[in-house]
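Order-wise, the sequence lines are chains A and B. According to UniProt numbering, the residues represented by the first sequence are 1 to 480, in order. According to UniProt numbering, the residues represented by the second sequence are 1 to 480, in order.
Rather than coming from a laboratory, the hints here were simulated on the basis of the structure. Hints are supplied without guarantee of correctness; some may be wrong.
[What the hints assert, rightly or not] Take a look, some chain A residues computed to stay more than 10 Å from chain B by CB distance:
1) Val25
2) Arg111
3) Phe229
4) Glu263
5) Phe311
6) Glu327
7) Lys333
8) Asp372
9) Glu436
10) Arg438
11) Lys439
[As the list claims (entries may be wrong)] Subject to a maximum C-alpha distance of 20 Å in a straight line, what follows is the list of computed SDA-like cross-link-like pairs (lysine to any residue):
12) Lys200/B - Glu92/A
13) Lys200/B - Ala177/A
14) Lys181/A - Lys439/B
15) Lys200/B - Arg438/A
16) Lys181/B - Asn182/A
17) Lys60/B - Arg438/A
18) Lys439/B - Pro475/A
Since the model is a prediction, treat every value here as computed from it, not as a measurement. In this text, a Cβ means the ideal position worked out from N, Cα and C, and glycines have one as well.
2 protein chains.
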Amino acid sequence: MQHTEILTLIQSEPSLHQVIVKGWVRSFRSNRFIALNDGSTIKNIQCVVDFEKFEEETLKKITVGAAIEVKGLLVESQGQGQAVEIQVEAVEILGEANPEDVKLTILSPKRHSLEKLREQAHLRVRTNTFSAVMRTRSKLAFAIHEYFQKNGFNYMHAPIITGSDAEGAGEMFRVSALDPKNPPLDENGNINYKEDFFGKETNLTVSGQLEAETYAMGLGKVYTFGPTFRAENSNTSRHLAEFWMIEPEVAFNDLDANMDLAEDFIKYIVNYALENCADDLEFLEDRLLQDEKSKPQAERSDMALREKLKFIVDNNFKRVTYTEAIEILKRSKPNQKKKFKYIIDEWGADLQSEHERFLVEKHFKCPVILFDYPAKIKAFYMRLNDDGNTVRAMDVLFPGIGEIVGGSQREERYDVLKQKMETMGIDEKELWWYLELRKFGTAVHSGFGLGFERMVQFVTGMGNIRDVIPYPRTPGNAEF
Amino acid sequence: MQHTEILTLIQSEPSLHQVIVKGWVRSFRSNRFIALNDGSTIKNIQCVVDFEKFEEETLKKITVGAAIEVKGLLVESQGQGQAVEIQVEAVEILGEANPEDVKLTILSPKRHSLEKLREQAHLRVRTNTFSAVMRTRSKLAFAIHEYFQKNGFNYMHAPIITGSDAEGAGEMFRVSALDPKNPPLDENGNINYKEDFFGKETNLTVSGQLEAETYAMGLGKVYTFGPTFRAENSNTSRHLAEFWMIEPEVAFNDLDANMDLAEDFIKYIVNYALENCADDLEFLEDRLLQDEKSKPQAERSDMALREKLKFIVDNNFKRVTYTEAIEILKRSKPNQKKKFKYIIDEWGADLQSEHERFLVEKHFKCPVILFDYPAKIKAFYMRLNDDGNTVRAMDVLFPGIGEIVGGSQREERYDVLKQKMETMGIDEKELWWYLELRKFGTAVHSGFGLGFERMVQFVTGMGNIRDVIPYPRTPGNAEF
């Protein structure tokens, strides 16, 4: 007989039929009630043991963390909190978990700090919090693919190892197969990358956008979903050295269509999580409420987790130009009372997280899309407006997070792009192919990037980005 | 008015309504028939121009590669090969393509070699072959996610940068942020990786399996789908330095269940392609037929492309032990007549591609799953059989390709695994977490790996793996 997953069992009627389950013991109370979990759901199935019918030797091995197989009848539960339970007929110990050893790990049944859980990242997915986060992460990833595929986009794998470092989105990691101690040198005493694996210096990608553009200009609508990297020494709760990014790119879309796409896309995936991760989000919402009880009132969330997600789905994102936003910020109380760390005193200032959050959380009280930013603070590939000062850039700002999406209409005019690359010191020899796209049937096109882990943070309510990816890579940390 | 995608239009009835399309000119015959493509389908829409109604200046710019917008009525086609066409009322040139410049590119309307197309990989997706391959690739990727999500698996992102090099699947690329010319040295004169970004030596992953196992032992069923890397100097039509891999891992699955999963999974995704990429596969099938006409009879495929795919879906994979396979190979004609490059003379020999293909194509004439391989030729983590000589490994062998999937039941017994790691020289200090999984509720579990590009090659019939990924990375090549 095959075993049945707990997710299936807890949704079943009490059939009185025999079932087999396999999973890990979460608790064993009074030598009678086993709470068993197999990862298919946050819920445990209660397995009720009549201890007089079992060997003492077996009962002793039913300990927290042990893997067991239970055979028994699926019956109506006598207790509260579950509709069905298993009346146990046989138990097989698959893998023991010595209680003395378990005590030294995060599997032991007490509250462990998130820091401690990170040190044992190979075991943390066996806790309620991390199993809920990781199931939700998986569902969100699928929602992203489903959204784009339903809408006729092609999934495109942008290269991870890149010979170009021109995009300038951040510091890069070098990739090499040369002997690091005795690298070959050229006649000038520099490292001779011609002898390296790829015959040139290579790095890990910071963005797949430029390559995605080449594919949009043939396939029409594409998206990437892959890992990207930053060699930046940012030890914050919002930064990872290795993270996953989604970058759609659409031929013939202008900035308005780009904003429509971003809003529709975000609402789709957040709604997907609400509909498909109900149990996990309920648990994470409670967790957050408990967590915030120890915080001062001012730092607590205005809305419970699922309420916040519903708010995103149900409300229009407010669209505001950068210029309007600067006016609002200049006149704002925290600016006038010098409560902002960075005071906004003139047009052209780069917005900080504190400003973005003020606009979203205090002023508009809804998600905001800022657009038409000063050209000087944005990347070379963004389309120049007729005013000559602003570019067709957009950032989607979220409560509690600030910028969650950044995008733009791309500069499709050959001469303008060439000029901007020159002015901003981008090497034309390296990006010849990017420039060449504008020579052969160029067209208006737009796209944006969403940092996947920031979206997972938002949906799960986890405060630290290291707790929404299985094995976080940060300065000084590449364990496992 | 919004523009409509060509995929939608060619499936429409001739409505006589006005429509707008945007796309790239594939041809312009007799100053009258524009073949327009927007990437949504391999098919072009025919736009019929009454040249007397248009400016000479406009008509001159409707050249191969140009991006244009066409407004007109959707009418029944007068010609063959399409049900509807557009009776053009207005044309706007969005982006020109100078014919003199186009001549120097692969956009020019003549047959270009695949090598030439690779040199212009930023443009090749505008050709029929590459747009068909890349749409099929996208659909296959989605089929993979859909299969696993429907079946309760969780998508898990294994780390790309890894501090471990113990898996031994192949040579690794080093990742570093140190100054390569003047790296910091320790007291022994070795590079002091403690000063590197992660505080240790790091590499690009060769497989996410070991980390996937940690997640299977908490979430039950997981799969990875991410890039993996090999710094191996393999200049073949089957090897890339950067490629995407799918690695499912399932708690409580033994090797039989693992074989069932692999077979069911492969049939699902191949069938998905047949059902969802009909037009592209038809084109690729014709392409392959044309291509093989120039080959000697013996090198041509026995079946047409779609027939071969249907064969996979409709037939059971034959399951054979390694030991049986060796007996078959020893007795085989090519072995006795010494036609194999590597003669099989005893049990324990590692099978080469020629042997795998003989078994699949000549002997069994169907996909084959070989299992129970000699322990000595397989990885340390595979479960030892009671005979002490073989391990619970399996390889799925495909016609024309050889091994497409490799997997195993994993060694779940702490003592046996520890012993094998010692014997095979795997550093226990590095994989402490992997070993520890066997201390806390260990259980039978299994998984396998599928190289995504090899599956795309199989489904699209493309001979060279460099032609099924947007920007291939191979020795000496990291352009774009």
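Problem - Phe311/A and chain B, when compared Cβ to Cβ, separated by more than 10 Å - result: It holds; Phe311/A is separated from chain B by about 27 Å at its closest Cβ, greater than 10 Å.
Practice task
Could you let me know if the closest chain B CB is still more than 10 Å away from the CB of Val25/A?
Solution key: At about 7 Å from chain B, Val25/A fails to clear the 10 Å cut-off, so the statement is violated.
Handout entry: Closest CB of chain B to the CB of Asp372/A still more than 10 Å away
Key = holds (23 Å)
Practice task
Taking the shortest Cβ-to-Cβ distance between Glu436/A and chain B, state whether it exceeds 10 Å.
Solution key: Incorrect as stated: the minimum Cβ-Cβ distance to chain B is 7 Å, not above 10 Å.
Problem - Consistency of the no-contact label for Lys439/A, given chain B and a CB cut of 10 Å - result: Check fails; 6 Å does not lie beyond 10 Å.
Exercise for the section: Determine whether the non-interface label on Arg438/A survives the test: each CB of chain B must be over 10 Å from its CB. Expected result: violated (8 Å)
Exercise for the section: Just double-check Arg111/A for me: nearest Cβ-Cβ distance to chain B has to come out over 10 Å. Expected result: About 18 Å separates Arg111/A from the closest Cβ of chain B, which puts it past 10 Å; holds.
Practice task
Confirm or reject the statement that Lys333/A sits farther than 10 Å, beta carbon to beta carbon, from all of chain B.
Solution key: Since the minimum Cβ distance to chain B is about 41 Å, Lys333/A lies beyond 10 Å and the statement holds.
Practice task
Verify that the Cβ of Glu327/A lies farther than 10 Å from every Cβ atom of chain B, and report whether the claim holds or is violated.
Solution key: Consistent with the label, Glu327/A stays out of reach of chain B, its closest Cβ about 33 Å off (over 10 Å).
Handout entry: Hint consistency between Lys200/B and Glu92/A [alpha-carbon to alpha-carbon, up to 20 Å]
Key = violated (42 Å)
Exercise for the section: Assess, step by step, whether the Cα of Lys200/B is no farther than 20 Å from the Cα of Ala177/A, and give holds or violated. Expected result: holds (17 Å)
Handout entry: Hinted pair Lys439/B and Pro475/A, Cα distance within 20 Å
Key = violated (30 Å)
When the structure is compared with the earlier hints, violations turn up for hints 1, 3, 9, 10, 11, 12, 14, 15 and 18 and for no others.
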